[in-house]
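Following this note's numbering, the numbering of the sequence shown begins with 3 at its first residue and continues without gaps.
Among the clues, some could well be false.
[As the list claims (entries may be wrong)] Once the Cα atoms are required to be at most 20 Å apart in a straight line, the calculated EDC-like pairs of lysine to aspartate or glutamate come out as:
(1) 153 - 100
(2) 153 - 92
(3) 153 - 125
(4) 137 - 109
(5) 137 - 100
(6) 153 - 114
These aren't lab readings, by the way, just hints derived from the structure by calculation.
Remember, it's a predicted structure, so these values are computed and weren't measured experimentally.
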Amino acid sequence: MSRRPSPSSPKSTPSPRNWSPGFPARGERMRIPRPPDSEIGINMTPIIDMVFLLLIFFLVATKFADIERDVRVRPPSSRHARPIAAVPQELVINITREGRTLVAGRELNAAELEGLIAAAVAENPRQAVVVRGDKLAVLQYAVNVLDVCEKRGVERTFLTTSKAGEK
Numbered sequence: 003m004s005r006r007p008s009p010s011s012p013k014s015t016p017s018p019r020n021w022s023p024g025f026p027a028r029g030e031r032m033r034i035p036r037p038p039d040s041e042i043g044i045n046m047t048p049i050i051d052m053v054f055l056l057l058i059f060f061l062v063a064t065k066f067a068d069i070e071r072d073v074r075v076r077p078p079s080s081r082h083a084r085p086i087a088a089v090p091q092e093l094v095i096n097i098t099r100e101g102r103t104l105v106a107g108r109e110l111n112a113a114e115l116e117g118l119i120a121a122a123v124a125e126n127p128r129q130a131v132v133v134r135g136d137k138l139a140v141l142q143y144a145v146n147v148l149d150v151c152e153k154r155g156v157e158r159t160f161l162t163t164s165k166a167g168e169k
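Modelling step: build the complete structure from the supplied sequences, incorporating the hints.
The following block contains the structure:
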């Protein structure tokens, strides 16, 4: 049984004949073969991933203030109208031309509306109610909603108008 010489012994040093062709000789650079048609470019995958993640983040984080505003309701115009602040304490009640009452896209009858307002005031005594009536609706529909607000103790009620000249 023959023993291998230890790495520190002088016999373990390979001679130039023992070098394999894949290794460069001492002092030479190692050449990496590349296919002739390969191009060096920028990898766009991480950048695209980051853009998509930012897009999803902003879509999820954005608060859509117009969710409660029914597009079928066109408020009357006023010269001094101000936009509604997107405050979560506001309960927006839409009144259509036909007198239907809509809250968050759901149609409510008088009893359901009164229950909703009572529950909102019980949860938040400083509950604000914004009434958005169509400009062609009979004023009595808005007065009925304001009466329910008064009956249930809503201290802050607002009627919405649009700026003059807007549709």
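Next on the checklist: So, against the hints stated earlier in the document, which numbers end up violated here?
Outcome noted: Of the numbered hints, just 1 does not hold.
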